[in-house]
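Q: Given chain Z, work out where chain H should sit, using these hints.
Just so you know, the protein sequences line up as chains Z and H, in that order.
Positions 0 to 241 (numbering that gives the first Met the number 0) are the ones given, in order, by the first sequence.
Positions 0 to 455 (numbering that gives the first Met the number 0) are the ones given, in order, by the second sequence.
Rather than coming from a laboratory, the hints here were simulated on the basis of the structure.
For each residue, glycine too, the CB sits at the ideal point set by N, CA and C.
Be a bit skeptical, because a hint or two may be false.
Unchecked claim - Derived DEER-like restraints, expressed as beta-carbon distance ranges:
| # | chain 1 | residue 1 | chain 2 | residue 2 | range |
| --- | --- | --- | --- | --- | --- |
| 1 | H | Y372 | Z | G186 | 39 to 47 Å |
| 2 | Z | A216 | H | D441 | 52 to 60 Å |
| 3 | H | M0 | Z | E218 | 26 to 34 Å |
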Amino acid sequence: MDDEPSDVPALDDRPALTSDSPPPVLPPDDPTLEPPPDAELEHPTEVPTAADAAAIGRLLDEILPLLIARFRAGRMGELEVRRAGWHVRVRRPADELAPTTVDAASIRGADGRRSRTASAGQTTGQGHAPTGQPGAGTSLAAVGPGRPSDGHGAAPAAGASLVAASPGVGYYATRDGIATGSQVRSGDVLGHVDVLGVRQEVIAPGDGIVARLLAEAGEAVEYGQDLVRLEPVSRTDPVREA
Amino acid sequence: MFERILIANRGEIALRVLRTCRRLGVGAVVAYSEADRDSRAVQLADEAICIGPAEARRSYLSAPAILSAALVTGCDAIHPGYGFLSEDDAFAEMTRAHGLTFIGPPPEVLERFASKAGTRELLAAHGLPTIPGSDGMLRDDEHALAEAERLGYPVLIKPSAGGGGRGMRMVRSPRELQQALTICRSEAQSAFGDDSLYLERWLEENRHVEVQVVVDRYGHGVHVGERDCSVQRRHQKVVEESPTPALTDDRRRQLCEGAVTAVVAAGYENIGTLEFLVDRDGEFYFIEINCRIQVEHPISEMRSGIDLVAEQIRIAAGEPLGYTQDAVRLEGHAIEFRLNAEDVAHDFRPQAGTVGAFLAPGGPGVRMDSHLYAGYEVPPYYDSLLGKLVVWGPDRPSAIARARVALSELVVDGLITNAPLHLAILDDPAFIDGSFTTNLLDRIGSAAFVAGGRRS
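Bound-form chain Z, shown alone (with noise of 0.2 Å):
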């Protein structure tokens, strides 16, 4: 029941979901909400111009909050996203395995260096813990090249296609009516895995046709495993690039 679909806004226009993991839940009245954790900004050119101005506003704005609550609903260790020439990196201290608050939140340019310190000002250290690695742990780390951003953020990769993942291990069944060419939404129920008699819904990451069913009915599913692939359709038909 973890893996309800979250009343988190999602991250509509990363550039892709290389997580497997389902969103997680934002508790209610989570009391581990602590006070906000210290964020530090950086950014790759000595001069800012206005396009960064304007991604350091939707950072900060935006995205740092909606990961900070994502990180802390998930309880990751760390999580990075990257994107636009900027990532953002959202760790808890190593030693804290069952943390109640978030150590520090840095958002780096490309570079590395430092340009401006937002929040409680307090400067974060390059880091105790390593920087996430794709696919390791449960790290949102949505990678990919970095290119000037009009605040809009960039479109899925033409030709990407996503995958809805398994959500636990035990014995899987595709929903009636979902087949190779049904056409999806972002959260759509595309089948369950069987956990212990319990039913744990695969949802669709994102809006999209379905070109491959990848498991079969009855098939012994893990977590994470990939079970349905899609081809992606844009929601908000955003003007693409040639």
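A: Positioned in the frame of chain Z, the structure of chain H alone reads:
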């Protein structure tokens, strides 16, 4: 015997259990979290299955995920290792309800020994001396203050559930007690999901000595000697050895025989460890039982030649013990050093990172139980144990000499470890002459201890 065992743990203990499964010819499936995909146990397993994300609550602590993994991989038993669900009677019960065997005590035995206060009463009734403690769980601050007054300060606040020093505090006054209760409650709640606390009289200058027992379901039991775990940092064991330098052979025999007699009479089953505090006069007081394999089990294995994991599996499968105390021969002296990813210079801050090189020491009487390999990334989500260096010698001085050689050979690149602490311990006069107590490190602080060792 079982056909196929699901190993529901990680790190060095997953590897340790896997090795015994191999030797017994039993299939081994390793259940792992996403953070442990590249672990050594996963690489060596007959089969490995991902049970959840890094977060332990949704992987190694998730009973449904582990049971489902065991069922879909065709296992007939689950080995829980230590920590996580290893002493959870509800999990053991669920395991049985799904037609599988929990490798450890049966659920009703776990339940009987689940409460520390209840266990002290039970084993006191079977002849073990216990340390004076509060009358049951603390109901509120008022009750705590009254009980502390009755016991006499200083007192130790302890959580009913769990272990590893979390939720534990020694206090010397009513004022300290009141402050610490709140902290201990919240620590116990977050670590074990249970905030009930009790009090024990604090023994100054005590030693922590525990007895390893092996008991089958037919009422046959032996002990495999004692282990001295007095070298601790903030209630966390750092170095363990067997036998303890603190007891005469007569007292040692009384302790070990008393422990196994009481625990058999109380209906215990499978392997277990009874922990005692020993005071300056060699008096011992039972404090708690651990119903699982312990981190420091290898020192008992080195002295006895008994594979304790194999005994655990055999007994869970219903086999009789098959030997008596006379057959358990304890020889020489063994010492274990817990190698942790901790920065001694920075308040023992846990480290995570990628292992550049890993070279384990060797030679006669040296055993290294570790899951490290060059290129392995130590994840930040779990405890900081990287492995255990275990040395054996015909006597204590030769074991210490081997430990020095072995520690000097050990190479772990890319990660800061607590090896400097071990080297300092080996140079400490109180450790060398065996007179140390549980405050060896905390009396002056571990960092100061290491610095002092380096100077001398």
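Q: Look at each hint and say if it fits the structure.
A: So, going through the hints one by one against the coordinates:
1. H:Y372 - Z:G186: 39 to 47 Å: With Cβ atoms ~41 Å apart, the hint holds.
2. Z:A216 - H:D441: 52 to 60 Å: holds (59 Å)
3. H:M0 - Z:E218: 26 to 34 Å: Since H:M0 and Z:E218 have Cβ atoms about 30 Å apart, the given range 26 to 34 Å holds.
Hint violations for this structure: none, all hints satisfied.
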